[in-house]
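Visitor: Here are the chains, one letter per residue:
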Amino acid sequence: MTIIDVEPSLLEARLTVSRGDWGLDIDLRIAAGGVTALLGPNGAGKSTALQALAGLLRLSDGRVVLDGDVLDDSRSGVHLPAEERRVGLVFQDYLLFPHLSARDNVAFGLRARGVGRLQARETAERWLSRMGLAAHAARRPKELSGGQAQRVALARALATAPRLLLLDEPLAALDAGTRMSVRTDLRNHLDEFDGATVVVTHDPLDALVLADHVVVIENGKVVQAGTPAQVARQPRTRYVASLVGLNLLRGEARGSGVVLTDGTTLTTVEENNGPVFVVIRPSAIGVYAGQPHGSPRNSWPARLTSVEQQGHAVRLVAAGPPDTFVDVTPQAVAELGLTVGSSVWLSVKATDLLVYQR
Amino acid sequence: MTITEQNPVRAKASRPPYLLFGLAVVGVAFLALPLVGLLARAPWRSVPSILRRDDVLTALRLSLETATISTVLALLLGVPIAWCLARTRFPARPLLRALCTLPLVLPPVAGGIALLLAYGRHGVVGEWLLRAFGVSLPFTTAGVVVAETFVAMPFLIVAVEGALRGLDARYDAAAASLGASRLFTFRHVTLPMVAPGVAAGAVLCWARALGEFGATITFAGSYPGTTQTMPLQVYLTLQNDPQAAIVLSLLLLAVSVAVLVGLRDRWWSR
Chain A
23 MTIIDVEPSL
33 LEARLTVSRG
43 DWGLDIDLRI
53 AAGGVTALLG
63 PNGAGKSTAL
73 QALAGLLRLS
83 DGRVVLDGDV
93 LDDSRSGVHL
103 PAEERRVGLV
113 FQDYLLFPHL
123 SARDNVAFGL
133 RARGVGRLQA
143 RETAERWLSR
153 MGLAAHAARR
163 PKELSGGQAQ
173 RVALARALAT
183 APRLLLLDEP
193 LAALDAGTRM
203 SVRTDLRNHL
213 DEFDGATVVV
223 THDPLDALVL
233 ADHVVVIENG
243 KVVQAGTPAQ
253 VARQPRTRYV
263 ASLVGLNLLR
273 GEARGSGVVL
283 TDGTTLTTVE
293 ENNGPVFVVI
303 RPSAIGVYAG
313 QPHGSPRNSW
323 PARLTSVEQQ
333 GHAVRLVAAG
343 PPDTFVDVTP
353 QAVAELGLTV
363 GSSVWLSVKA
373 TDLLVYQR
Chain B
784 MTITEQNPVR
794 AKASRPPYLL
804 FGLAVVGVAF
814 LALPLVGLLA
824 RAPWRSVPSI
834 LRRDDVLTAL
844 RLSLETATIS
854 TVLALLLGVP
864 IAWCLARTRF
874 PARPLLRALC
884 TLPLVLPPVA
894 GGIALLLAYG
904 RHGVVGEWLL
914 RAFGVSLPFT
924 TAGVVVAETF
934 VAMPFLIVAV
944 EGALRGLDAR
954 YDAAAASLGA
964 SRLFTFRHVT
974 LPMVAPGVAA
984 GAVLCWARAL
994 GEFGATITFA
1004 GSYPGTTQTM
1014 PLQVYLTLQN
1024 DPQAAIVLSL
1034 LLLAVSVAVL
1044 VGLRDRWWSR
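Just so you know, the sequences run in chain order A and B.
In this text, residue positions in the first sequence follow the working numbering: the first is 23, and each later residue adds one.
In this text, residue positions in the second sequence follow the working numbering: the first is 784, and each later residue adds one.
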């Protein structure tokens, strides 16, 4: 068997965990220095995958190889316990030991592995300095802010020199104000880490900023994988499309027309054939009081089921067919008198349709 | 009568019904009067001289020593029991918990008899101990420690198990992910985090051991200097020297109050 990999994978994992009628079944390959985001809705199996990689959970089936070491192999019955893996784990709520100072929290893993007290402390202080927390070394976790606690947790995990770093919703416990700066900070620290990293998140922005590869999980299965740009540009499920703020329609292309699953037909510029996705930016859809005329347009009547301010735009949810969401300016809402229940015509230019194979 | 359950009036909740209030007052008086009696009838002038008596000091020292050794023993054995009860899952766990807390409800005298049958000269284990090592526990100071540990350890187990259950077990996972063995995690994470619960349990255990009477007199007898602890001496002194008995009781009361003060953060402030 010859598999030619451009980049050899540091982590190769096939994870299968069965629980009653629910099951997780995913493949992960991460190169050294690579950051993969596991993106998915609640209950998709992201945390289960993380626990399995950390060794806190036994696989029903599968194999995990990290840097040449077999951590799990259900066939031969190998299951290395968490404490014997070179895997660092940062919990969503950090779980810093409340009775230890920031320094002793970071030194904990080293002490547990038999490093002398003095040397462990020195290493811990070096890590805290790298995180910009040298002045906070003596503080207890409850005296730290959320962002500081997050960095201490990261330092604690990295101080043991893991080959795989697992981050569980690393920014979820922070308020919106600090999240932005912590996210950028985290990205910089991950850039310096030479092992493999898995970030579990349900926030697409985390995935876009932190990861170089995104794996979308729904219902225990990988539904899409690729670079953040690929996933954002060409979503393959409704969940991914809504995450990145795009309309995703499915249909059958026949030349310059696409017959959607709801029966309506859209006109496209390019010619295609076979099953396709059609992606429409919400701001590319025009809203009219009556049926519009002129240029190669697609238009259809719709009824508004929701009108909500989102940032500077107003998001309309329009029941078609096809069902879409549309971003318009507040002025347009006022001029057209748009409210829930309004009947309108929607229109999109053929050039604003992105069509790709399913 | 109309029931207004949907609309309870909060202000009324603070005033109990007259009947309950009356019974509560009687109850408080019942609990407090003996203490008042003890303080009122105490021969305060002879307190210093009685407290300097050799037999009193001997009994006091014996009590403090045995209660402390019993507490150390209870910590050594009881904390692991509490950990197993709180952290492991096995079918016989409810049975084990019942067994370990039985001495809480068992009359101490019955406990003493049971100890004799187990660790006595002709007991199940005692006979073997005597033959193999020449060790005989009944009617020795070691026997006092055995009796006190038997009766007092459940207090420690219950307190520590409660504290362990209140602790987020994910800290164990965090420690494991950092490479800590289970024992290292227990020593450096679990134990420090439940330290207040362990301390409270140890204090309760010590106080219970200090006051132990029934199991001690049954299993270890009442020999001055070796097995006659304070409670035993109080009881015996009452026969011929009631004044001294009152003073000794006062001394035990003082110790109890000190224990309560020591635990005030856990109980009084609630």
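Keep in mind that the hints were calculated from the coordinates and are not lab data.
Any given hint might turn out to be false.
To be verified - Pulled a few chain B residues facing chain A out of the computed Cβ check, cut under 10 Å:
1) Arg798
2) Ala963
3) Phe967
4) Thr968
5) His971
6) Val972
7) Met976
8) Ala978
9) Ala1028
10) Ser1032
Even for Gly, the Cβ is constructed at its ideal location relative to N, Cα and C.
Visitor: So, for every hint listed, does it hold in this structure?
Guide: A quick look at each hint next to the structure:
no., hint, result
1, Arg798, "violated, 39 Å"
2, Ala963, "holds, 4 Å"
3, Phe967, "holds, 5 Å"
4, Thr968, "holds, 8 Å"
5, His971, "holds, 7 Å"
6, Val972, "holds, 6 Å"
7, Met976, "holds, 6 Å"
8, Ala978, "holds, 8 Å"
9, Ala1028, "violated, 46 Å"
10, Ser1032, "violated, 40 Å"
Consistency with the previously given hints fails for numbers 1, 9, 10, ordered from lowest to highest.
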